[in-house]
Amino acid sequence: MNNSIAKEKIISLRKKRSLEDMRFKYYGFTAMCLSLAVLVFLLYTIFSKGYTAFQKTIVLLEVDYNQEVLKLTPDSSDEDMEKGKFFRVKKQAIENFFPDLSKSDIKLVKKLFSINVDKEIKDYFLDNPEVINTKQQIWVTAHSDVDQLLKGNSRRDVPEDRRKLNDIQLSYVDQLVEENRVKQVFNNFFFTKADSRHPEIAGVVGSFMGSLFTLFTVFILSFPIAIGASVYLEEFAPKNRITELIEVNISNLAAVPSIVFGLLGLGVLLNVFGLPRSTPLVGGSVLALMTLPTIIIACRASLKAVPPSIKEGALAVGATKTQAVFHHVVPLALPGTLTGTIIGLAQALGETAPLIMIGMIAFIPNIPTGLTEPSAALPVQIYLWVESAERGFQEKSAAAIMVILIFLFMMNAIAVFLRNRFERKW
Amino acid sequence: MFFWSLVLIAVGIFSSFIYGRSRIKLNSKKQGTKSKSLPNYYAQYVLMWCLFPALIVYFSWAIFQEQIIQNIVISNFEFIEGAVYNEGLLLAEIRNVANNPSFADGKSIEIINAASHYSSLRQISQISFYTSIIIIMLLGALYASQKLKPEFHAQHTIEKYIQYILIFCSSVAIFTTIGIVFSLIFESLRFFAEVSIFEFLFSTEWYPFIPIREGQTAAEGSFGAVPIFAGTFLVMVVAMCVAVPLGLLTAIYLAEYASQRVRKIVKPLLEILAGIPTIVYGFFAFVSVAPFVKAFGQSIGIDASPTSALAAGMVMGVMIIPFISSLSDDVINSVPQSLREASLGIGANKAETIKKVILPAALPGIVGAFLLAISRAIGETMIVVVAAGTAPNLTGNPFENVTTVTVQIVVALIGDQEFDNPRTLSAFALGLVLFVITLLLNIIALQIVKRYRERYE
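Chains as they are written, first to last, in the numbering used here: chain A, -15 to 410; chain B, 27 to 483.
In isolation and in its complexed conformation, chain B is listed as follows (with noise of 0.2 Å):
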């Protein structure tokens, strides 16, 4: 359906734009003046006025169709007292026995009746789709055909347009930032309508089961999120302690001591280890560093769990490597040659030139890439799914299963959820800490560095 709506919107402006061409040059020779604008800026101006409110309808049908018909069916669907209905599962089933009438077989009469009422409803929707979108378009023109007379400045209107156009794409990242933060706040209320915030944030219990039917009692479920902030905390420690040396001192010799020659093939390679997904070192945790951990923690009588904080943090820790390296990199290069000069000068060879000048020189730049490498930990999902395990263990052994905030996320949503019970409200939480704490940690980071670039600029 909306492909062919699509169709007939091209057919649309495209036809206007060859009527508001012809129908200037018409006007301005019955006129006898010239047009102040090119024809072409006309023909666009009629282009205009039909494009963007026929998207506007567009966008509105895609987003409000299915939600009014099924509240139309919903509404209307006889239910029979006493029985006890979930409405997802109900639309569902109407949604099926609609798409496809063989499905209809032992269904009930009701169901049957409703999705007959469903289809027709569609069809309703579809034609009145249609006809708007022309009566919009033709409204369209007829508004902009008004205005073509050779004293309109087509021009100045159309750039101003323009103007607005561009702007609207450039608050779209505004728009995101605030449905991100509405979105998270708004269900994170509905989280802590029914769990209290400071159990939530200093209660070491995480025990997130609720009662699966209704009416069954099943234990209370208690949401404290101290052994998911722990376990996060270990994970990132163990992350940071495998990426922050190898990273950094990668960096060093890179930017210091290497050949052009060695530069231009290593970078490459390290911008391959940026660009490999997640989810390939999620599988690389898992099939392979896992089973080593768990080895190796036999070999020397720690008993290790398959899935364990080491595991994930040392690949997580490789997959920061780059990450680190490229930023840390930029910033010794941009410690001014004088500095360094100075130092071999007075006969400083180039490891006490490096870790008495350079490094404490560019030490603000390097602890905001340390900070945005944290940041990038902590949001790290698919490695700590697949290698760190779900169980929320309060432990600092590395070789213990732990689970973290992004891991509690994805297990909370994982599957078909109703939002009407606080394991999946959790996950919106959890969502909100998560953002608080990389946006903080990115703020700071990127002030520290932006200073640092001021002082040697």
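Chain A with its partners taken away, still in its complex shape (with noise of 0.2 Å):
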């Protein structure tokens, strides 16, 4: 009687206990495909708020080329050609774009249109001159209003004074889609621009040129000075106060703030040394130092990785300990610093406060050409985007998201193969 008592309360406590351990696996479960989850959804939001930046929007405008507006003749010289009148040409061509528009109308339709369309008109005349005095259909760029509203980024339904397109504005482009007089094809800009006040001619090409111009600053200065410190404190450093102090030194460094490096350029790059701001070379110099010890330590790791024996062997038939060292550990070693290298890179790509420290955020319409001349970085590029009121501007700091995400991918792939494949096991 008793015992079958305290069998029911074992058995009892029993399932509970394994309940117990049930559900807290099921916790573990749980957190992990939460964590995960995100990860999803967040690339689920750059992919849907960015894809449209890939598409521009085109308008089909009437042009007359004119010789009489344009001041020109068919035996123009070229640089008369480059000084016609084409504005004049364009607005023309938006006053006759619907019939009988009025003044006030006219400077409606205006707003349509990307303040690159002189630019367009001019340059499709330049390619083909002989359309002198024909009228000629040509695809122009719309504004950023109208891309936005056909992509339906922006609503047509919120009041009319907190829109950008007025109703009158909004029936000209639905008269436009219906006429077939708008599309929208691959946004070329976007790969072939620099930044830009206006979101639909803005690119992303000149941060991109930046970033590596910066990157390649970066390796210059942290693959040769990593190596060697490893090298010294794998290799050679003798086991005194002094080497554990710098190696607790760079284990500090790793975890100081980004920002922190950002003042530090600022500070003395800048301000003591004197160096050009907002230019990849001073970007570059403060991101060194901050993957250094990213670097260093993976360096050392891959030193320690190559058998002694290797070194002994060397040593046995005469070699002194620098030819040991520089001949057989760090050709051996090489492949796993690299793989170490590019994860440090990695890390600077997207690094992003410490380039706004030092003016890399400075707003730069053209695309950067060498290491001394002002650049924005595709991470700032992407904060200036983010920031900017313009809502166009959003599908295409998204899209810079995944320009960045593609590029970090990239490297992370290259450094996977480097291990794979040169990497020996011992």
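In case anyone wonders, no lab produced these hints; they're calculated from the structure. Heads up, some of the hints might be wrong.
To be verified - In silico DSS-like pairs for lysine-lysine, Cα to Cα no more than 25 Å straight-line:
#	chain 1	residue 1	chain 2	residue 2
1	B	60	A	305
2	A	75	A	167
3	A	9	B	382
4	B	293	A	409
5	A	87	A	69
6	A	-9	B	56
7	A	-1	B	381
8	A	295	B	62
9	A	223	B	186
10	B	60	B	186
11	A	9	B	376
12	A	305	A	288
13	B	290	A	9
14	A	305	B	320
15	A	0	B	381
16	B	382	A	0
17	A	-7	B	381
18	A	75	A	106
19	A	94	A	106
20	A	9	A	-1
21	A	94	A	75
22	A	106	A	55
23	A	-1	B	376
24	A	0	B	376
25	B	293	A	9
26	A	288	B	476
27	A	106	A	177
28	B	173	B	56
29	B	173	B	55
With the hints in hand, could you dock these two chains into one complex?
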């Protein structure tokens, strides 16, 4: 009797305990799934906000290249052609865009077109000078407001005073859609132009090149220094206070917030040494100092992985220590150090705050061509576009994020490839 | 200019190498003795004596040229009496005119004169730069070539030099720390000369307004950083509330329950989460989470602002999850297997083993991981810049706008700055606070983790 009560108790307790066990397991499982779900949601958000940036809206415009309006003749020289009065042609084309436009309507229609239309009309003419005195149907870039409306990024149902396009302009756009005078094509500007105040012609190339130059500087500075430092600490350093100090220093430096490195760049590189502001040279130097600890730690790990027998073998046949290390250990560790460097570079590529500190946040509308030229960088460009009030920049920022993520993905793929292909297991 | 000088240096070291090699062969032939080291070491010796002096000249020129030229131009500038000049703007104007003559239209005669002075100085500097590089390389080669005798131990010397180079490389980290500490302290001292340190640390009013133009009487700025510290703390707490349970439970699941296959898939995915640039998280917070938080606040009757501590903190928490989970994973894995087996052996089930044996054993390491995560959260910049706002509110309400140390540093330094006002300098004082706190957290955490490791090794 007593026995069966005890048995029941034990059974119920065991049930409870195994239930508890299950529950705990599912807590862990749920936490893991939640973390991964956030990753998926993050990527989904970026893709869904950004994919529209790869398309732009163009409008069919009838342009009359009348020689009197242009103030050109069919046999004008190329130099004169450059100076043709294309803005007058454009003005005329917009006035005749819809039949019977009043003056105030023309102003409204004008706002449907990008600021770049002048240049497009001119470029079309310079490419085909024979079109003088003819009417041409040209596809020109629409204003970002039209673009956003047609992509469904800005809404029609908000009150008129909170919209970029008023009711009349909306009806124009609708008319264009009905008459098939507007369409969406691949946005080549995004991949050929630098930043701009106008979302429809803003591109990512300027900041991409800036990032490349910055990464180049980081690589040139940090790779040799990191190899030197890790070879010294791993192979030559005597076990004493100073070595210990250096090691503690490196591990602490790895945890210093990146913005503090920005302050270092501002306080020392810009203010004391007077290096040029906003340039990849300074940005790269700061990021090199920042990523150095990461790379050193990775390099040391790969040096450590080379078995001591290799070095001892070299020493045994009469090599000096320097020869043993530099002729045998370092070459064998090289793939590992390269992998570590690439991972460090990937970290540097995404870093934003230090670059803001040293002024790489300035508005740079042209593509940089050198290390000492002011330029933007990809992450800072994203920041600028996220912060921008213009709605059209939001999709651009998401698209730029896609570019940077692909870039990062490729760097990591190279690192993994190097590791798998060249790293030797002993 | 500096590119071509690099080419010049490259040509110099190449020819010095060739020269050193042939010279030592010649010398040893002349004396009829074999040289003590291989010819290549003598060549390297000459090369080093060419390269390093040249590099020193190169870098000192790169660093100081512009400043010296600017100082000379400014000191010779014909200032008009009574007019007020801003040195930075003036220099920019002179440089513009010098680099681009078409800007000269409409500029005053002093500026045009200064610009031509500037360009002539630049020319002089360039010519003397190239000459001094060539001279210094020749001198180096000359000095080295005197030592090219067969009885000279070139290899020993070279190996000594390599040691010096390696020591220099490893001390770069030390120089960096010294640079950080000095630049922060130096500028902070200038800040504390104008704002008392007690006001900065204990006052609750942060209105860093300063007169924009000279002579303008604006409200006196006040620099009490308490609201900023409070905001940083609030965002950090929210972040940890998200990251600690998720990160720790994920780590436990991966370390104790998950099959090898799941681990193999999930770990790289978490690494992706860790490798995403913080500005991307900022975008995510701004575009997705902040509107959601606002809507959620409204639905429960709290007036949430479009940027809030909650939005920034939540996303920051997500950012830290992989950090916590990978550190805790390591820590849990390094708990000796014998502890696990003993616990299971006396009949405890897995959950009990984890909760009553493994976690207590791993606790110091986990605490260390949390401290590192906190230091990460405090130093994080881009998420809060985009999603937390800039208003220094002293509040405990996570639906409100708050500001953090890093945000204020960015706000103070965006755009062109002059370093003569407390607004700009406040960034360095805040940076100093940030540096000290993260350093302390880091040192403590590393100590704890180290002790913990020693216990089980």
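Checked hints:
1. Annotation: proposed proximity of residue 60/B to residue 305/A holds, straight-line Cα distance about 23 Å (limit 25 Å).
2. For the suggested pair residue 75/A and residue 167/A, the alpha carbons sit about 22 Å apart, so the restraint of at most 25 Å is met.
3. A distance of roughly 15 Å separates the Cα atoms of residue 9/A and residue 382/B; the hinted pair therefore holds under the 25 Å criterion.
4. At most 25 Å may separate the alpha-carbon atoms for a hinted pair to count; residue 293/B and residue 409/A meet this at roughly 22 Å.
5. Only pairs whose Cα atoms come within 25 Å are accepted, and residue 87/A paired with residue 69/A is accepted, the gap being roughly 21 Å.
6. Proposed proximity of residue -9/A and residue 56/B is contradicted: the alpha carbons are some 104 Å apart, above 25 Å.
7. Straight-line distance between C-alpha atoms of residue -1/A and residue 381/B comes to about 18 Å, which keeps the hinted pair within the 25 Å bound.
8. Distance check on the hinted pair: residue 295/A and residue 62/B sit about 24 Å apart at the alpha-carbon level, within 25 Å; holds.
9. Among the hinted pairs, residue 223/A with residue 186/B is consistent with the structure: their alpha-carbon atoms are about 19 Å apart, no more than 25 Å.
10. Taking the CA atoms of residue 60/B and residue 186/B, the gap is near 22 Å; set against the 25 Å cutoff, the hint holds.
11. The suggested pairing of residue 9/A with residue 376/B holds, with an alpha-carbon distance near 9 Å, which does not exceed 25 Å.
12. Between residue 305/A and residue 288/A the CA atoms are separated by roughly 16 Å; this keeps the pair inside 25 Å, and the hint holds.
13. Among the hinted pairs, residue 290/B with residue 9/A is consistent with the structure: their alpha-carbon atoms are about 19 Å apart, no more than 25 Å.
14. Note on residue 305/A and residue 320/B: the hinted pairing is violated, with a Cα-Cα distance of about 65 Å set against a maximum of 25 Å.
15. Our distance criterion of 25 Å between C-alpha atoms is met by residue 0/A and residue 381/B, whose separation comes to about 16 Å.
16. Straight-line distance between C-alpha atoms of residue 382/B and residue 0/A comes to about 17 Å, which keeps the hinted pair within the 25 Å bound.
17. For the hint pairing residue -7/A with residue 381/B, the CA-to-CA distance comes to about 23 Å; that is within 25 Å, so the pair holds.
18. The straight-line distance between the Cα atoms of residue 75/A and residue 106/A is roughly 13 Å, inside the 25 Å bound, and the hint therefore holds.
19. The suggested pairing of residue 94/A with residue 106/A holds, with an alpha-carbon distance near 17 Å, which does not exceed 25 Å.
20. The hinted pair formed by residue 9/A and residue -1/A meets the criterion: a straight-line CA distance of about 15 Å does not exceed 25 Å.
21. For the hint pairing residue 94/A with residue 75/A, the CA-to-CA distance comes to about 8 Å; that is within 25 Å, so the pair holds.
22. With a C-alpha separation of about 13 Å, the suggested pair residue 106/A and residue 55/A falls inside the 25 Å cut-off, and the hint holds.
23. Distance check on the hinted pair: residue -1/A and residue 376/B sit about 14 Å apart at the alpha-carbon level, within 25 Å; holds.
24. At roughly 13 Å between alpha-carbon atoms, residue 0/A and residue 376/B fall within 25 Å of each other, so this suggested pair holds.
25. With a C-alpha separation of about 18 Å, the suggested pairing of residue 293/B with residue 9/A holds against the 25 Å cut-off.
26. Distance restraint check for residue 288/A and residue 476/B: the Cα-Cα separation of roughly 20 Å lies within the 25 Å cut-off, and the hinted pair is therefore satisfied.
27. At most 25 Å may separate the alpha-carbon atoms for a hinted pair to count; residue 106/A and residue 177/A meet this at roughly 18 Å.
28. Among the hinted pairs, residue 173/B with residue 56/B is consistent with the structure: their alpha-carbon atoms are about 15 Å apart, no more than 25 Å.
29. For the given pair, residue 173/B sits about 16 Å from residue 55/B by alpha-carbon distance, which is consistent with the 25 Å threshold.
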